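J.: Sequences and hints are given; from them, build the entire structure.
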Amino acid sequence: MSPYQISPNDPYYIDFPARIQSIQIGMARRGIDVYLGSRLRTLSWTIDAFCPWRSFVVIPPEGLPTAFTFVIDASRVGDDSWLDEDHVLGYAPMGGQDQVSAISDLVKSYLKGGKGVVGIESGMAPYLPEGNLTHFEYECFQAALDGSRLVNAHDIVDELSLIKDQGTINRFREASRLVDIGHQVVLETIKDGAYRGMTETEIAGIAGYAMRKAGSEWEWSFTGGNEIAAGYRTGLAGGACTPASRKPLLPGEPLMVDLHAMFRLCLGDHSHNYLLSPATSRQRWHAQNFVHLVTLCLQTYRPGISPSSLADEMLAFCEEREFAEYMVPGFEHGIGMMGDEWRIGMNDGPFPYWTNPDHQYQKGEMLICAMQYACTEENIGFRYENPILITETGCEALSKFPLQIEEI
Amino acid sequence: MEELKYLGSEWTQEAYRRLREELTAEKMKFVTSSMLTIYHDCPDGKDRALYYRFEKGVIEDVSIREGQFPDAEFRIIGDYETFAKISRAELGSRSALMTGKLKLQGNMVKALSLSSVVDRMNKVLATIPTEY
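Protein chains in written order, with our numbering: chain Z, 1 to 408; chain F, 1 to 132.
Hints were generated in silico from the structure; no laboratory data involved.
All of these numbers come straight from a predicted model, not from anything done at the bench.
Positions of the beta carbon are idealized from the N, C-alpha and C atoms, including for glycine.
Take every hint as true, because none was put in to throw you off.
Non-contacting residues of chain F with respect to chain Z, defined by C-beta distances greater than 10 Å in every case (computed):
| id | residue |
| --- | --- |
| 1 | Gln13 |
| 2 | Glu55 |
| 3 | Tyr132 |
Straight line, CA to CA, 27 Å or less: simulated BS3-like cross-link-like pairs of lysine-lysine:
| id | chain 1 | residue 1 | chain 2 | residue 2 |
| --- | --- | --- | --- | --- |
| 4 | Z | Lys108 | F | Lys103 |
| 5 | F | Lys103 | Z | Lys115 |
| 6 | F | Lys101 | Z | Lys108 |
| 7 | Z | Lys108 | F | Lys110 |
| 8 | F | Lys46 | Z | Lys108 |
| 9 | F | Lys103 | Z | Lys112 |
T.: This is the structure:
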């Protein structure tokens, strides 16, 4: 018996059967008989379980979907998912049970005469665990589903998952609350010079323990869990990815603490920055620039603006304050349930599978407000990340940890 | 005891008798399920299936089926010769599955939990003097 028990009255309830039905409506509109999802974001969005192994979800024209994952993890995925054990199956290198045979047998059972139109997920991404069907998988499924037509259909899920429902928003709020607990514990641990003798990895671990103790499932980011950078690593040119290293925390250096917590597949992601005392007036100038920019950026998000219009506005401010050269010229990335990271909106921009710079934000969209300041020649940089929800007139920043750059 | 023709009616009756006699409900893990082993290319050129049904660990049915096969929770499909080799202990059933000589249809997670039960059944069936 699965312990999956979230009633509709639960703040974290998501109506997954309704999600499946909405996909099935999209399939019918497009003449797709069966949808074969393979992306991590699709798995999370449809079955409500984390699938670290190569997994698939088969969505028939009507009725429940069936997920397939590597057999060593199938029981656990079934236990976490809202689906019952007959709809979460394992695959293994065994006659009839390899992923292509097992999945294509099920797909064919939904097709009249064993033939029809099968929606697949194809594309590319800068995010490694995206999970598009590989070329080899495509060829195998095409051969196993001889006579059927495989069509790229990921935009059905992309469109449906764009505006977040209340359960998802509440889960994101909780994940941000957990991240804030991690930040508070880090601050308490390193303040008053107590950081001396510590390393980046240690800070990552302290935060990880605090967040998990409070209920976080893991430090979800594929970029190395909690990203910690000290000293010159904060100012790596264009750098917005710093898996914690063994570098010690030293007086006079900046410290960047970018924490990730997960709550029911929804993601906390907040970066906070410090100056390890003693700080110079020049370091304080950089810090002030950054705090002012973040404040302005959070005040600017609202429905109707686009990534490019926001970037223009922010970079004009940076130029006016004479620190534009230190800014990475991007101010956000997409976010959704586990596996949905990086691209914002639909795949309709000038560069395939990258954010459309003219995408217009709508109420109910969620993204990570993200900024990277890097002054390489002075070995200083700062990062801001915070999940934000686009509201009627602006945005709600989900992490509430006070925005400032403390000298500690 | 004289050898019984593999998958013949006498062999099937003997299989049913021995399985019920030697495998207690506890040894059968009190399982409720059904299984169909489908034999392609039997010596007379036909396809046949051996159908098993268990109720709370008690073997309720072991019967040969031809033509339209019944539904079953698990289907194990292979050539007659492959099954015969397994029965003669010339080939392991796991090896046959892992090399694709046998094909399993059904929920693999459940099948894994029942693999020890199937092993016990195969051991009992292997004791029947059989003519292939």
